[in-house]
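**Student:** For this one, chain Y is given, so just place chain D on it according to the hints.
Protein chains in written order, with the numbering used here: chain Y, 252 to 374; chain D, 42 to 151.
Some hints could be false.
The following label-pair restraints were derived from C-beta to C-beta distances [claimed, not checked]:
no., chain 1, residue 1, chain 2, residue 2, range
1, Y, Leu369, D, Pro48, 26 to 34 Å
2, Y, Gly356, D, Leu137, 18 to 26 Å
3, D, Ser52, Y, Asp327, 41 to 49 Å
4, Y, Gly259, D, Ser67, 32 to 40 Å
5, D, Glu125, Y, Leu369, 21 to 29 Å
6, D, Pro101, Y, Val253, 14 to 22 Å
7, D, Leu137, Y, Cys354, 12 to 20 Å
8, D, Ser107, Y, Ser324, 31 to 39 Å
9, D, Ala116, Y, Asp327, 26 to 34 Å
10, D, Ser122, Y, Thr311, 39 to 47 Å
In silico lysine-lysine, DSS-like type, Cα no more than 27 Å apart, as pairs [to be verified]:
no., chain 1, residue 1, chain 2, residue 2
11, D, Lys87, D, Lys147
12, Y, Lys294, D, Lys87
13, D, Lys87, Y, Lys329
14, Y, Lys294, D, Lys108
Please keep in mind that the hints were generated in silico from the structure rather than gathered at the bench.
Every value quoted in this text rests on a predicted model; they were computed, and no experiment measured them.
For each residue, glycine too, the CB sits at the ideal point set by N, CA and C.
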Amino acid sequence: EVQLVESGGGLVQPGGSLKLSCAASGFTFSGSAMHWVRQASGKGLEWVGRIGSKANSYATTYAASVKGRFTISRDDSKNTAYLQMNSLKTEDTAVYYCTRRYCSGGNCYSDYWGQGTLVTVSS
Amino acid sequence: QSVLTQPPSASGTPGQRVTISCSGSSSNIGGNAVNWYQQLPGTAPKLLIYTNNQRPSGVPDRFSGSKSGTSASLAISGLQSEDETDYYCAAWDDSLNGVIFGGGTKLTVL
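Isolated chain Y (complex conformation):
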């Protein structure tokens, strides 16, 4: 059974930092790209960024809203992806989901999602 479990959320002051983790199990983590998606309360889904597999040189891309402040990394030996968030703003307050990205025939989609972890940026 595929499982993605996020952790590390909490309350942080504006300008502060937080590191989220996404522990994966039930699939070959090292061969999968991992994405992060967030959702502010009562709002829609917003893509945050992604990290590719080793085969894709662990390539990362980010949404414009977080580029330069957020960093995605992974540790394949621990089956875990990370989202390092720096210079946090109040508008970063959201539930953060990690997702497994599956690709077939050139088409990709997030087939599994974690339960999410809440990040609140407030003074």
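**Tutor:** Relative to chain Y, chain D alone:
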């Protein structure tokens, strides 16, 4: 503002067929596959339709997807009360080099 445009709301009566549209551009839907996600209140999104019209195992065949040009649609036939929730379309955007989501559609079963 979302790059993919969905109606904020849709509604139908039990047993009816409803469709939810998703409009994009050549850099996203026009050149890439569309995926749909269903999100029940207080839960994580769930993959509903992938690669325009494919259903993951376990998704009822009442749900179907289609794509034409720079637009896509999600159709739900035989509407049931349990279908009342939020639906999001998504696609890769070549210009943004990332995934973009529609703003979401809240479906109400009257």
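**Student:** Take the hints in turn and mark each one as holding or not.
**Tutor:** Outcome of the hint check:
In this structure the hint that leucine 369 of chain Y and proline 48 of chain D lie 26 to 34 Å apart at CB holds, the actual value being about 28 Å. Here the CB-CB span from glycine 356 of chain Y to leucine 137 of chain D is close to 22 Å, well matched to the stated 18 to 26 Å. Hint check: serine 52 of chain D to aspartate 327 of chain Y, Cβ distance near 46 Å, so the stated range 41 to 49 Å holds. Checking the proposed 32 to 40 Å range against glycine 259 of chain Y and serine 67 of chain D shows it holds: the Cβ atoms sit about 38 Å from each other.
Separation of glutamate 125 of chain D from leucine 369 of chain Y is about 25 Å and conforms to the stated range, judged on CB atoms against 21 to 29 Å. Remark: the range hint 14 to 22 Å for proline 101 of chain D to valine 253 of chain Y is upheld by a beta-carbon distance near 21 Å. Checked against the hint of 12 to 20 Å, the pair leucine 137 of chain D and cysteine 354 of chain Y passes, with Cβ atoms roughly 18 Å apart. As the Cβ distance of serine 107 of chain D to serine 324 of chain Y is approximately 38 Å, the hint placing it in 31 to 39 Å holds.
For the pair alanine 116 of chain D and aspartate 327 of chain Y, the supplied restraint of 26 to 34 Å is violated, since their beta-carbon distance comes to about 40 Å. Taken as a hint, the range 39 to 47 Å holds for the pair serine 122 of chain D and threonine 311 of chain Y, whose Cβ atoms sit roughly 42 Å apart. A threshold of 27 Å between alpha carbons decides the hint, and for lysine 87 of chain D with lysine 147 of chain D the separation of about 15 Å falls inside it, so the pair holds. Between the alpha carbons of lysine 294 of chain Y and lysine 87 of chain D the distance comes to roughly 16 Å, so the proposed pair stays at or under 27 Å and holds.
In summary, the hint linking lysine 87 of chain D to lysine 329 of chain Y is supported, as the alpha carbons are separated by about 25 Å, within the 27 Å threshold. Straight-line distance between C-alpha atoms of lysine 294 of chain Y and lysine 108 of chain D comes to about 25 Å, which keeps the hinted pair within the 27 Å bound.
Going down the numbered hints, you'll see the structure goes against just number 9.
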